[in-house]
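Visitor: If you're matching them up, the sequences are chains A and B in order.
At position 187 of the first sequence the residue is numbered 187 (the working numbering), and the sequence of numbers has no breaks.
At position 71 of the second sequence the residue is numbered 375 (the working numbering), and the sequence of numbers has no breaks.
Mixed in with the good hints, there may be bad ones.
To be verified - Computed spacing ranges between beta-carbons, pair by pair:
(1) A/Asp33 to B/Lys487: 45 to 51 Å
(2) B/Glu561 to A/Lys303: 49 to 55 Å
(3) B/Pro501 to A/Ala235: 36 to 42 Å
(4) A/Glu80 to B/Ser516: 33 to 39 Å
Simulated from the structure, these hints should not be mistaken for lab results.
Ideal placement from N, C-alpha and C gives every residue a C-beta, glycine not left out.
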Amino acid sequence: MEPSLSVDIAGIKMKNPVMTASGTFGSGVEYSDFVDLSKLGAIVTKGVTLNERLGNPTPRIYETPCGMLNSIGLQNKGVEAFIREDLKFLEKFDVPVIVNIAGSTIEEYTRVAERLSEESMVKGLELNISCPNVKDGGLAFGASVKSAVKVTSAVRKTTRLPLIVKLSPNVGNIVDIAKGVEDVGADAVSLINTLIGMAIDINSFEPQLANVFGGLSGPAVKPIAVAMVWQVSQAVDIPVIGMGGIINAEDALEFFLVGAKAIAVGTANFIYPEATIKIINGLREFLKKSDFKNISDIINKVKV
Amino acid sequence: MSHIEARILTKKEVAQDIFKLSLFCPEIASTVIPGQFVHIECGKDKKFILRRPFSVHRQINEDVFEILFQVVGKGTKSLAEVEVDSCLDIIGPLGNGFKIPDDCKNVLLVAGGIGVAPLVFLAEKLFLSKISFNVLIGCANCQKVVRFPLKDEMTGKIYFSTDDGSLGSKGNAADLLLNHLRKNEKPDRIFACGPEPMLKAVTSIATRNGISCFLSLEERMACGIGACLSCVCKTKSGNKRVCVDGPVFNAFDILWE
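With the hints as extra help, turn the sequences into a complete structure.
Guide: What follows is the structure, encoded as structure tokens:
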């Protein structure tokens, strides 16, 4: 018998526990030549803001050992164009759509959440709390428990959709943030977002990114992500979605073993556009080979 | 568009730090058009996680195409060390190529350094379409000059300039272009590829002379298929992605930073 990969994350029913990480998969359009989108656990779209954002100047990326830095700057066409074009495109696929939302103020988050809650295609919201809060000196919403709780509870009040809060690793204690957002109604947490990084061109003495800082992702961050997923999954009761440097099924298995109920594939999409499908197949093979009947049989089974 | 393994048939260092690879890959060779590129995984040890984009240099036949590249960093260094008969993981062909309007009779190709790569493929297509053309190539010095493989029966002339004057006239590709336009009939269109300062200079010369001009741009890329939004350039109609909206753009649409 085929092992079961299906999971339920905060009421979102998925065929398998493999999602796309926000910002690495567009809205799926670009990948539809490589991947049957209906085979994915869920699509998490690129971050959507209230109005169009042009993003940062280039260069926006730089490759680092086993990873990359990016500072795209949330380039997106705004929530209305997103609904009109991207959601419309996704209608023909049988896959839950989770929309990642971002903002510079709490009001921007709530307005985007409200608008998306009117769309039946949207099965969940993922809150990107790593954005700078313009009313708090540009400090990220996710940088302190207080501000993370504030934005989460504000969005919670505006939507009945499953609410996933995407946690930043650039904090003193990620467990405190996770517990804080759980307390104010987050239905799940996803982690980790990228780590702040910087790289310098030694010939020009200039930063490699026009925006100076960028977010580090890729295999280089995986051990950090595994550690944080382990810490958070021990501390909260809501589902944890693990991400950070997952390239293949073996990487994904590490995250399940430390308590993730689902995983998201990010940077790997850039290198191997079919990465998500290969990971789904690899997970199924692993379960079969090891005689597990259900993906839940291995969740949180690390022997520590 | 395919994601496949392509076997390396030949590898040759054709100028200082400039390599040519011929790849057996019918899926790409049979469909690629001039100006399109391929996205290649350069380090088999996965140390360099991102692919590197290379424009197609020549279409040898329905099965084989070539790329031409300069070793500038770790990825290209690793690619220069690949062994003949081994395979490369490739996505392509990607992007929009050079468009040649039907009423185009006389074309000028302007290359800066390794920017010559896609223009050779374009020149071969122009020849097959019986469109006359000339080629201007600016390089750092004579060691960096790549032979432009025009067959004898091709009508185009090739002019060189080098920064140090070691081959052709002394100066850059833009100087060469200015000089050429002074002495020759105005072309119907300029196609250019090279470093950004040169492309800016070519654009401004084309503007002043009222010549239609198309550029192949280069920008750091991650996915190569339009998702990551790394490789954007500013245009009159907003941000465009070099990988899927380009890499060839109308020079007059670009808003240089």
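Visitor: The hint says 33 to 39 Å between A/Glu80 and B/Ser516; measuring C-beta to C-beta, is that right?
Guide: Distance hint for A/Glu80, B/Ser516 holds at roughly 36 Å.
Visitor: Given a hint of 49 to 55 Å, does the C-beta separation of B/Glu561 and A/Lys303 actually sit inside it?
Guide: holds (54 Å)
Visitor: Does the Cβ-Cβ separation between A/Asp33 and B/Lys487 fall within 45 to 51 Å?
Guide: holds (48 Å)
Visitor: Does the beta carbon distance between B/Pro501 and A/Ala235 stay inside 36 to 42 Å, or does it fall outside?
Guide: violated (54 Å)
Going through the hint list in order, the structure does not satisfy hint 3, though it satisfies all others.
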